[in-house]
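Respectively, the protein sequence lines represent chains A and B.
Be aware that the first sequence starts at 146, since it is given in the working numbering, and climbs by one per residue.
Be aware that the second sequence starts at 18, since it is given in the working numbering, and climbs by one per residue.
It should be emphasised that the hints constitute simulated quantities derived from the structure, not laboratory data.
Glycine included, every Cβ here is placed at the ideal spot set by N, Cα and C.
Heads up, some of the hints might be wrong.
[What the hints assert, rightly or not] Chain B side only, calculated, beta carbon under 10 Å to chain A, not exhaustive:
1) Ile227
2) Arg228
3) Tyr342
4) Glu343
5) Glu351
6) Ile433
7) Arg653
8) Thr823
9) Asp923
10) Glu929
11) Lys959
[What the hints assert, rightly or not] Listed next, the stretches of chain B that the computed footprint assigns to chain A, with coverage defined by at least 3 CB atoms under 8 Å from CB atoms of chain A:
12) 582-588
13) 944-958
[Claimed, not checked] Subject to a maximum C-alpha distance of 20 Å in a straight line, what follows is the list of computed SDA-like cross-link-like pairs (lysine to any residue):
14) Lys951/B with Met336/A
15) Lys311/A with His970/B
16) Lys362/B with Glu337/A
17) Lys644/B with Thr320/A
18) Lys958/B with Ile433/B
19) Lys311/A with Asn925/B
20) Lys265/A with Asp352/B
21) Lys311/A with Asp352/B
22) Lys985/B with Leu873/B
23) Lys318/A with Glu351/B
24) Lys360/B with Tyr327/A
25) Lys362/B with Pro332/A
26) Lys456/B with Asn470/B
27) Lys958/B with Arg314/A
28) Lys957/B with Met336/A
29) Lys959/B with Ala258/A
30) Lys957/B with Glu337/A
31) Lys223/B with Asp334/A
32) Lys223/B with Ala258/A
33) Lys362/B with Ser323/A
34) Lys360/B with Glu337/A
35) Lys362/B with Arg314/A
36) Lys957/B with Pro330/A
37) Lys223/B with Tyr359/B
38) Lys360/B with Val321/A
39) Lys958/B with Tyr403/A
40) Lys318/A with His970/B
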Amino acid sequence: MMKKLSLLPILLVCLSCEPDLRYQKILADPETYQSAMKRLTDIIVYDIFSPPVASRVYVYPNIAAYEVARHSSPEKYASLSGQLADLTETPTPGDLVDINLASLHAFLTVGKALIFSEEKIDNYANAFYQKLTDHGLPSSVKSESLAFGEQVASHILKWTDGDMYKQTRTYPKYTVRSEQAYWKPTPPDYMEGIEPHWREIRTLVLDSAEQYPPIPPLPFDMTSGSTFHTQLMEVYDIGKSLDQEQTEIAEFWDCNPYVSHHRGHAMFATKKITPGGHWMGITAIATRQAESSFDETVEAYARTSIALFDAFISCWDEKWKSLMVRPETLINEHLDEDWLPLLQTPPFPEYTSGHSVISRAAAVTLTDIFGDDFSFNDTTEVEYGLTERKFNSFMHASEEAAISRLYGGIHYMMAIENGVDQGQKVGEHIVRNLKTRR
Amino acid sequence: MQRSILSNWMFLLVGGLLLTSCIGDKRFSKLSASKTGIAFTNELKATADLNIINYLYFFNGGGVGAGDLNGDGLQDLVFVSNQGENAVYLNKGELKFQGISYVLGIDNREMKWSTGIAIAVVNGDGRLDLYISEVGSYLKIEGENKLFINTGNDKEGIPIFEEQAKKYGLDLVGFGTQAVFFDYDLDNDLDMYMLNHSVHSNGTFKRSDIRTESHPLAGDRLMRNDGERFTDVTSKSGIYNSALGYGLGIGISDVNQDGWPDIYVGNDFHENDYLYLNQGDGTFKESLGEMIKHTSRFSMGNDLADINNDGLIDILSLDMLPRDYEKLKSSAGEDPYDIYQYKLKYGYHDQHSRNTLQLNRGNGKFSEIGLSAGVSATDWSWSGLMADFDLDGFNDMFIANGIIGRTNDLDYINFISNEVNQQRLAGDLTEKDLSLTNKMPVVEVPNYAFRNNRELGFESVSMAWGFEQKSFSNGAVYVDLDNDGDLEIVTNNINEPAFIFKNNTRERVPEAHFLTVRFEGPPSNPWGVGARVELTLSDDSNLVRELFPVRGYQSTQPHELYFGLDSLTKADLKVTWPDGRVEKLSNVESDQTIYLSYTKAKADVIENSEAQLHPFQESWEMGFEHKENNFIEFHRESLIPGMLSAEGPAFAQGDVNEDGLIDYFFGGAKNQPSYFYLQLPGKKFEIKKLDDDIRYEDVSAVFVDHDKDGDLDLVIGSGGNEFSGESPFSELRLYQNVSGTFFRDTSAIESIFLNTSIVAPADYDLDGDFDLFVGARSVPWKYGFVPESYFLKNENGVFQKDQELTAQFGKILGMVTDAKWAHIDGNRKPDLVVASDWSTIKVVYQDNDGFSLTNLMGSEGLWNCVEVGDFDADGKLDIVAGNLGSNSKLAVSDGEILRLYVNDFDDNGSVEQIMVIEKEGREELFTTKDELVKQLNFIKKKYVDYASFAQAHLHEILPPEKLNAAIKYEVRDTRSSIFFQEHNGDFSRIPLANEAQFSSIQAINVRDFNFDGLPDIMAAGNYSRASIQRGKYDASYGEVLMNWTNREMKYIPNATHGLYLDGEIRHLAFTNIDRTNALIVVKNDAPVQVFRFGL
């Protein structure tokens, strides 16, 4: 598919003299956007963001990029303003603007505001803009495009500011409750619970955090034979008899941004992408495989990241309401003091499984874009030392992501099954209510 | 031109000369290997098979031993090499040594790991043997501990050794750290305690009850000497030998003066240190929790010796707290609040990651005074040795430290180590991966020396004493290598030749005298291990030393005792041998080595010492137990220096039912009723609950007859810092006394709402009835904002807000903690003395012109309580006030400033409290970066890594305009003090005795204890709700200060008066129960305790 660029700047350059149009090729190439996304992911990993916060770092830059990129085919793409909560109409570009360049710039500008290691974005942006200049980008086009990118970015950032993130930073911490049924910090770091007030964050498409609550968790009951106890034993038993494939699946979908290792006084951290980051990786694979254009690529990222963002809020709402204790806590307390889950238990309540909710919401969105019959080879985790895995569809991948939490020893079956349902509803709601095409 | 060159040369020449003489002038000079002949280096080589990642103690280094191996009267040296060959050096005199390592045979194992060295007569033949600990059976290391029996000298006078561990049953296989040979059963032979460490390296901590499960390799061992062999008697000895035992330090001493040697074990990580009291029946009882309030956390080496010459043995235990601010801010520090509580719940003791110095207060009680003594932070520290290096009669300190890889560097953990991925960590490391461990920051630092200032403090003299060289020093000994009476220091270093520091004291200060004591013991303990020597000097000072040569870290000190006598040349000496035999010598001349022989000692005649009568006797619990509710303020105001929610209970006394017996009121914490204890004859009480109002946290109460109907009514103020605004639970309440029963009466008091600290009654308007001052402690949710205090005027039995006074003073008295009406200026109108947090001691004077406020100049402090008394008997009232004390990370005096900035620094509607300590012009943040980032998210973006945060100055980290606009508090002296009123009405401040500065003072009682007509002081306190970074304030046992005239208030040792108060004391009240004088001690979160008082 060829994309329809605004021809005006090209004409202008042509008119000047011996036009060097190599930069246009660079800008037209969707890999340009893919590379910027990858850079954002790398910084998210480096800076260490928790999964819900990482979903926020992904969503706003992609929305900003989309709100620019849609102008490449105004007849095809609809604005998200009016569709996302509180987002007012975004600016429109002038004639000289190269839409893709402006879109990238908006992406990088918003991204820079949300991550910590700003110089890592600056270095990337400067090198990239220099490359464009070296490949004939006229300074007028550059300045107009960056200015427009900036304009949209600042519109988005102003809107971002109202999402309650800043306020929730200093909300009271969770006071651990002593009753057995309730969540407690887990080994090895016994970190305090992550984002107990994430439900206060403004949802983008959902009416509220609690629009699609899962069915309540099983009643806490440690008597042998109770459904709850049986599910606990399932985690324990599976953990002891994992086969190679199950182990591989659990590790593949670990997606824990910060796993700490203790060797006596020595401590190490291994950092990986978050669950949301993994689905951004799948989006990259899908857009490449479908040979999506620059703007289609941006659209896919924007839609998927919005689904992830709302799904995290929905899931976190439930987590900090039901406050379900992690299997590791109960198993160490009652069954086996030395039992360790295959994966390090993440620092927040158990129910529902975050990966189950957000994977399903992302899969529903990607299926809506690329269809159900979309097999792909998931190489997202290769650079983190893991294998690649093949999936017949996005749904297939999301099913595996969900069950991986049981193999990993960090979730009961109820959190997986009900989490998938929750994600399905969130995903469907977003597909239904968010339209990028006219 | 030429002239100038010449003069430059001259300058260099002179400078060079000065420099040389400077080095010679220092107390110690480091001798070169070429001079001493000691070239031993503990070479460490990381391999894929063994490195810091698969063996957590890879950087822990080796020990040193000193002992006269060939009996020539000179101390020889043994060095342990972790991986290479151990080394033996014979002392040839004049600080020259001959290497004779070959006497240990050839060790050609490919892999071994040796750690500590014990030198002792193991087989009773009179010659010193060597026992070297090893790590056995771990990864590819196979090994067992080695016992080198000294078989005597060859013709050249060189001692020859034979390895015979198996023969004696000492071929132990385990994770060895250090063995100690001492006579625990007092049968005159040497038994052995084997300290092992653990290699468990998962970060999880389990319930501490696995402490009782034996572990074959990590568990410690007690081996009884049965003549030919040693028998493992661990299992019934009361010694823990579990995988939790990360034993790195061990020391022996009779800490409770019962004649039986006790054991202190320092454990790394979350496991408690152990203090095993010898029960005298072959068993030990681990008693640390009853004797010591908190310990170091990552405990390493330790030493047990007397620092204040009171004859009681004190304990130094080392940790790894950086002294340097930047290093501190980039290292992992204390646990977050919740995790700390978790560990307590799991059965672990209070532990803080800093060096601890436990001062023995007698009666089996210790006060941890490392912070006020100035020795709490010496970086990654291994050996701590207490000995008298300057021969002034007081034990000084030497600390050997340094680590090749600072594994707790936060940038390393968070940003660098990620390059080693999980798979490689879990599996095998390759040589290539090892390069990643090389990226750990290095802590190569000078060793520390501290001079005892004779006032329970230590002065850092590292540079002045010549310890400027950076190193990784582990094991260390003090030893008089040249027999001149002063102590050389020897350290075993990683990747650098051992240090020999010659002590120049005797050369520089010939008038500093010494006495060295050697022993000729009973046959099976010929070197006299366990002997205790007490010197009494002509100035009445008492110097006590015990011969337990294993001290410090993985090392053995010589089998002789060293005494510095300062300028004195004679001493009376008493030696007590382990079995209790005693010999006394009078007028022993100084400057010699004296030999004490067991054969000359006789069974001790117990002197008929009069049973000492303590004024405080027979304590009992009255019944009321205050139970603090679990409200964690740090969860909503995480940057506050400490929680304000545990400042109760309220207490009041008075005869409420007019039966002639004093009755008591105790305020409950939130969710606990308040109680009346109505006294009946015979130590009995009728107990009445104030049932209805259990949501109130009652922190202050007074009995006053507000309506002049002849009975005592009750006014209660509640605090807790939980409810804000006009919450019903922060309303001041009045209860009418109706025939001994109390009913709340809202009509007799105007509705005022505050987080109360104090209700203070007085007839301040002199109209014949009681009025009130009600002090406000804080604004809940907004610590640091100034709350409004109130004056209430009694109008015909109804308390009404005194609009005028409240308007005038209500908002300028600060965060009030205590107040007292008194006639400070001597006129007939009562004045109000106010203590407040982060502010001055204030006096609201009242004279004919009205009221006026005076801040006592320079008195900015963290005041908790205030009392008055005419201590100097000049007819003018003086003020005594309880402050934070000196034993705190926040303690300041002498030009340092503790500062608090309060503002909403990120405009998100919540208030941040930024605490800094200004030292040498730099404002050092108290909070960690992680704590700060949680409140001020923008900091994380500004400083992604820890190093840049650590380097940044306060005004770079926080917006200067926000700092300028902040509410700002400054404190310049945190010592509890008396303010003596001069004739002109000014006040002169004199801090209370050092012992009264060990903790936060929260209750003071002024009373003439010795009936000399002068008021004395009893002060008590403690505070356990400070932030974890600050730690627990628990070193006070209640201090009695006797008025010695001349404005001196003299500390009376607790052992003398017999009062030992545990816990957090909020009120000390003298009363009369069962027609006897009694002291009531009211504590937070603990039962009320009563002491009978009198002789």
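How the hints compare with the structure:
Look at Ile227/B: its Cβ gets to within about 8 Å of chain A, closer than 10 Å, so that hint holds up. Taking 10 Å as the C-beta contact cut-off toward chain A, the hint placing Arg228/B at the interface is violated, the least distance being around 13 Å. Nearest Cβ of chain A to the Cβ of Tyr342/B: about 21 Å, over the 10 Å cut. The hint is violated. Hint on Glu343/B is violated. Least Cβ distance to chain A is approximately 20 Å, over the 10 Å limit.
Using the Cβ-Cβ criterion of 10 Å, the hint placing Glu351/B at the interface with chain A is not satisfied: the shortest such distance is roughly 13 Å. Interface hint status for Ile433/B: upheld, as the beta-carbon distance to the closest one in chain A is roughly 9 Å, under 10 Å. The closest approach between the C-beta of Arg653/B and any C-beta of chain A is roughly 4 Å, which is under the 10 Å cut-off, so the hint is satisfied. Residue-level restraint check for Thr823/B is violated (minimum Cβ-Cβ distance to chain A is 32 Å; threshold 10 Å).
Taken as an interface hint, Asp923/B checks out: its beta carbon lies about 7 Å from the nearest beta carbon of chain A, inside 10 Å. Taking 10 Å as the C-beta cut-off, the interface hint given for Glu929/B holds, the closest approach to chain A being about 8 Å. Because the closest C-beta pair between Lys959/B and chain A is about 8 Å apart, less than 10 Å, the hint holds. Residue count for the region 582-588 of chain B with a Cβ under 8 Å from a Cβ of chain A: 0. That is fewer than the three needed, and the coverage hint is violated.
As drawn, the region 944-958 of chain B meets chain A at 5 residues by the rule of a beta-carbon pair under 8 Å; at three or more, the given contact holds. Between Lys951/B and Met336/A the alpha-carbon distance is near 13 Å, which keeps this suggested pair within the 20 Å criterion. Distance check on the hinted pair: Lys311/A and His970/B sit about 25 Å apart at the alpha-carbon level, beyond 20 Å; violated. Using a Cα cut-off of 20 Å, the hinted pair Lys362/B and Glu337/A holds, with the two alpha carbons roughly 16 Å apart.
A distance of roughly 19 Å separates the Cα atoms of Lys644/B and Thr320/A; the hinted pair therefore holds under the 20 Å criterion. Pair hint Lys958/B plus Ile433/B holds up; C-alpha atoms about 18 Å apart against a cutoff of 20 Å. The straight-line distance between the Cα atoms of Lys311/A and Asn925/B is roughly 7 Å, inside the 20 Å bound, and the hint therefore holds. For a cut-off of 20 Å, the pair hint linking Lys265/A to Asp352/B is broken: about 31 Å separates their Cα positions.
A distance of roughly 26 Å separates the Cα atoms of Lys311/A and Asp352/B; the hinted pair therefore is violated under the 20 Å criterion. Among the hinted pairs, Lys985/B with Leu873/B is consistent with the structure: their alpha-carbon atoms are about 18 Å apart, no more than 20 Å. For a cut-off of 20 Å, the pair hint linking Lys318/A to Glu351/B stands: about 18 Å separates their Cα positions. This hinted pair checks out: Lys360/B and Tyr327/A have alpha carbons roughly 18 Å apart, not beyond 20 Å.
Taken as a hint, the Lys362/B and Pro332/A pair is honoured in the structure, with Cα atoms around 15 Å apart against an allowance of 20 Å. Under the criterion of a C-alpha separation no larger than 20 Å, the hint pairing Lys456/B with Asn470/B is inconsistent with the structure, at around 40 Å. Taken as a hint, the Lys958/B and Arg314/A pair is honoured in the structure, with Cα atoms around 14 Å apart against an allowance of 20 Å. With a CA separation close to 18 Å, the supplied pair Lys957/B and Met336/A stays within the 20 Å bound.
About 11 Å separates the Cα atoms of Lys959/B and Ala258/A, which keeps this hinted pair within 20 Å; it holds. Between the alpha carbons of Lys957/B and Glu337/A the distance comes to roughly 18 Å, so the proposed pair stays at or under 20 Å and holds. Between Lys223/B and Asp334/A the CA atoms are separated by roughly 12 Å; this keeps the pair inside 20 Å, and the hint holds. With a C-alpha separation of about 42 Å, the suggested pair Lys223/B and Ala258/A falls outside the 20 Å cut-off, and the hint is violated.
Taking the CA atoms of Lys362/B and Ser323/A, the gap is near 11 Å; set against the 20 Å cutoff, the hint holds. With a C-alpha separation of about 14 Å, the suggested pair Lys360/B and Glu337/A falls inside the 20 Å cut-off, and the hint holds. Pair hint Lys362/B plus Arg314/A does not hold up; C-alpha atoms about 28 Å apart against a cutoff of 20 Å. The suggested pairing of Lys957/B with Pro330/A is violated, with an alpha-carbon distance near 23 Å, which exceeds 20 Å.
Distance hint between Lys223/B and Tyr359/B is fulfilled; the C-alpha atoms sit about 10 Å from each other, no more than 20 Å. Annotation: proposed proximity of Lys360/B to Val321/A holds, straight-line Cα distance about 14 Å (limit 20 Å). Between Lys958/B and Tyr403/A the alpha-carbon distance is near 18 Å, which keeps this suggested pair within the 20 Å criterion. Straight-line distance between C-alpha atoms of Lys318/A and His970/B comes to about 28 Å, which puts the hinted pair past the 20 Å bound.
Hint check: violations occur at hints 2, 3, 4, 5, 8, 12, 15, 20, 21, 26, 32, 35, 36 and 40; the rest are consistent with the structure.
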